[in-house]
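In order, the protein sequences belong to chains R and U. Taking our numbering, the leading residue of the first sequence gets 1, the next gets one more, and so forth. Taking our numbering, the leading residue of the second sequence gets 256, the next gets one more, and so forth.
By construction, these hints were calculated from the structure, which means they are not laboratory data. Be careful, since some hints might not be right.
[Unchecked claim] In the EDC-like style, the derived pairs of lysine to aspartate or glutamate whose C-alpha atoms are separated by at most 16 Å in a straight line are: (1) R/K45 <-> U/E376; (2) R/K18 <-> R/D6; (3) R/K45 <-> U/E370; (4) U/K275 <-> R/D91; (5) U/K275 <-> R/E186; (6) R/K231 <-> R/E219; (7) R/K45 <-> U/D373; (8) R/K73 <-> U/E376; (9) R/K222 <-> R/E186; (10) R/K248 <-> R/E219; (11) U/K275 <-> R/D6; (12) R/K5 <-> R/D70; (13) R/K155 <-> R/D197; (14) R/K5 <-> R/D61; (15) U/K288 <-> R/D91; (16) R/K171 <-> R/D129; (17) U/K278 <-> R/E219.
[What the hints assert, rightly or not] Pair by pair, the computed Cβ-Cβ distance ranges are: (18) U/R274 <-> R/D169: 57 to 67 Å; (19) U/V485 <-> R/R74: 31 to 41 Å; (20) U/V485 <-> R/F243: 52 to 62 Å; (21) R/S10 <-> U/L259: 57 to 67 Å.
Computed from a prediction, not measured in an experiment: that's the story for all the values here. Positions of the beta carbon are idealized from the N, C-alpha and C atoms, including for glycine.
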Amino acid sequence: MIEVKDIHKSFGDAHILKGISTTFETGKTNLIIGQSGSGKTVFLKCLLGLFEKDKGTISYDGNIYSELTDDQKRDLRADMGMVFQGSALFDSMTILENVMFPLRMFTNQPKSEMEERADFVLKRVNLVDAHNKYPAEASGGMQKRVAIARAIVNKPKFLFCDEPNSGLDPKTAIVIDNLIQEITDEYQITTVINSHDMNSVMEIGEKIVFLKDGLKAWEGSKETIFKTDNKVVTDFVYSSNLFKKVRKMYIEENQ
Amino acid sequence: MTYLHNIGTYFLMIVEMFRKPTKWSVMRNLILKDIDDLIIGSLGIVAFLSFFVGGVVTIQTALNIDNPLIPKYLVGFATRQSIVLEFAPTFMSIIMAGKVGSFITSSIGSMRVTEQIDALEVMGINSLNYLVFPKLMAMLLYPFVISIAMFLGIIGGLVACVYGGFSTLTDYITGIQEGFISFHIIYAFIKTFVFAFILATIPSFHGFYMRGGALEVGKASTTSFVWTSVVIIVVNYFLTDMLLS
Chain R
1 MIEVKDIHKS FGDAHILKGI STTFETGKTN LIIGQSGSGK TVFLKCLLGL
51 FEKDKGTISY DGNIYSELTD DQKRDLRADM GMVFQGSALF DSMTILENVM
101 FPLRMFTNQP KSEMEERADF VLKRVNLVDA HNKYPAEASG GMQKRVAIAR
151 AIVNKPKFLF CDEPNSGLDP KTAIVIDNLI QEITDEYQIT TVINSHDMNS
201 VMEIGEKIVF LKDGLKAWEG SKETIFKTDN KVVTDFVYSS NLFKKVRKMY
251 IEENQ
Chain U
256 MTYLHNIGTY FLMIVEMFRK PTKWSVMRNL ILKDIDDLII GSLGIVAFLS
306 FFVGGVVTIQ TALNIDNPLI PKYLVGFATR QSIVLEFAPT FMSIIMAGKV
356 GSFITSSIGS MRVTEQIDAL EVMGINSLNY LVFPKLMAML LYPFVISIAM
406 FLGIIGGLVA CVYGGFSTLT DYITGIQEGF ISFHIIYAFI KTFVFAFILA
456 TIPSFHGFYM RGGALEVGKA STTSFVWTSV VIIVVNYFLT DMLLS
């Protein structure tokens, strides 16, 4: 579980995060949504420790990050997996080497064991014959699967995903969303996903935090987001006519 | 103010590069790969340039000596001094700032743009140690490249001198042995080690701290070449003043 209390972050005069508090629960897919410029990426990078927050606390399974020693922080980071928006695979390595990378860095397993584990997670993300390809030879969907495989290969406790299905066609996007949810359930990890894709919200949003102008404007789940009367949320989520109709039908069906 | 900030960041980068070392089994492979990319990959161009520049230095020297009182072996002597003292260590380093420096900046810059450096940081890896330290270690072999440049420069001079009919083989050999001061070789290699450090770190700095996209990677490579060359020339002046004056 990740608990966030009163997080503030500024860049010069620009106050990006203005005091966000929330909880991301274990075994659930937690989504951070909001318009571009709402502070989603900065918030995620603060959770990852890539940005130093100005104020507030973040605790991972009860351990407050800022109170940890350097060694403890390093151990905690080894428990984190991250899927970047652009996959961020290492160009000079094959897909198998990319997936084995965290094992090479953080374990002393023999090569055969590392290959076996990497092969297992590649199969888990439904990639069978791509081991010796380089990232440049793989499609966008394949790259995302490899990124997920690399993120989970070392059995992390926390999985972070930044726009995991951006640039993918709707069908592949749903496959990736479902894969993330299955992995979260299977390994009981705390998954935090940064997204502005409404399909993802409706598909896997077990917990949703909506950000606006650096503040938490609303939080709930994929079920409650249909019913909310919060205008800021409805203006964002139901900005398309299709979603307006879907919402109307959902409310009518459930009355 | 920006210059001061960049200089401070550069020195902090160097300190950070030595902290939280990467596992030796991984680092060893990174160093070997960088030796292949930076050192072995440069040998061809270094050999080609040194041989022909050595020849040109010899021809220019021979053509400018028209006084019959000046001994013919002076051509070999002048070629050796030019190649050993300046051409091989300094001007070859400026050429390497273009080849090796641009490669380092663009490869690290591309990793920055595609979030690969962020991926390393998230995993708790000291990205400066992982990316820059192996390049610095690989560049410790740079004096080997410069030795080849010295050798082939002098050989190029010999070929141009003898086959161009400017002097005899004996005169040229006498010239390159004449007034040999072994400290000049030490001086050249001290410079080479300093330039190797500059060649590994300044381009890495420009790649690592760049912001933006593909266009900015190109701009960072150009800026890196300019600053690496400027620093090499300035440091060369001070080292020469300190060691030879």
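Evaluated hints:
no., hint, verdict
1, R/K45 <-> U/E376, "holds (11 Å)"
2, R/K18 <-> R/D6, "holds (8 Å)"
3, R/K45 <-> U/E370, "holds (12 Å)"
4, U/K275 <-> R/D91, "violated (24 Å)"
5, U/K275 <-> R/E186, "violated (33 Å)"
6, R/K231 <-> R/E219, "holds (13 Å)"
7, R/K45 <-> U/D373, "holds (10 Å)"
8, R/K73 <-> U/E376, "holds (12 Å)"
9, R/K222 <-> R/E186, "violated (20 Å)"
10, R/K248 <-> R/E219, "violated (21 Å)"
11, U/K275 <-> R/D6, "violated (31 Å)"
12, R/K5 <-> R/D70, "violated (22 Å)"
13, R/K155 <-> R/D197, "violated (27 Å)"
14, R/K5 <-> R/D61, "holds (14 Å)"
15, U/K288 <-> R/D91, "holds (14 Å)"
16, R/K171 <-> R/D129, "violated (21 Å)"
17, U/K278 <-> R/E219, "violated (43 Å)"
18, U/R274 <-> R/D169: 57 to 67 Å, "violated (44 Å)"
19, U/V485 <-> R/R74: 31 to 41 Å, "holds (38 Å)"
20, U/V485 <-> R/F243: 52 to 62 Å, "holds (57 Å)"
21, R/S10 <-> U/L259: 57 to 67 Å, "violated (23 Å)"
When held up to the earlier numbered hints, the structure conflicts with 4, 5, 9, 10, 11, 12, 13, 16, 17, 18 and 21 and fits the remainder.
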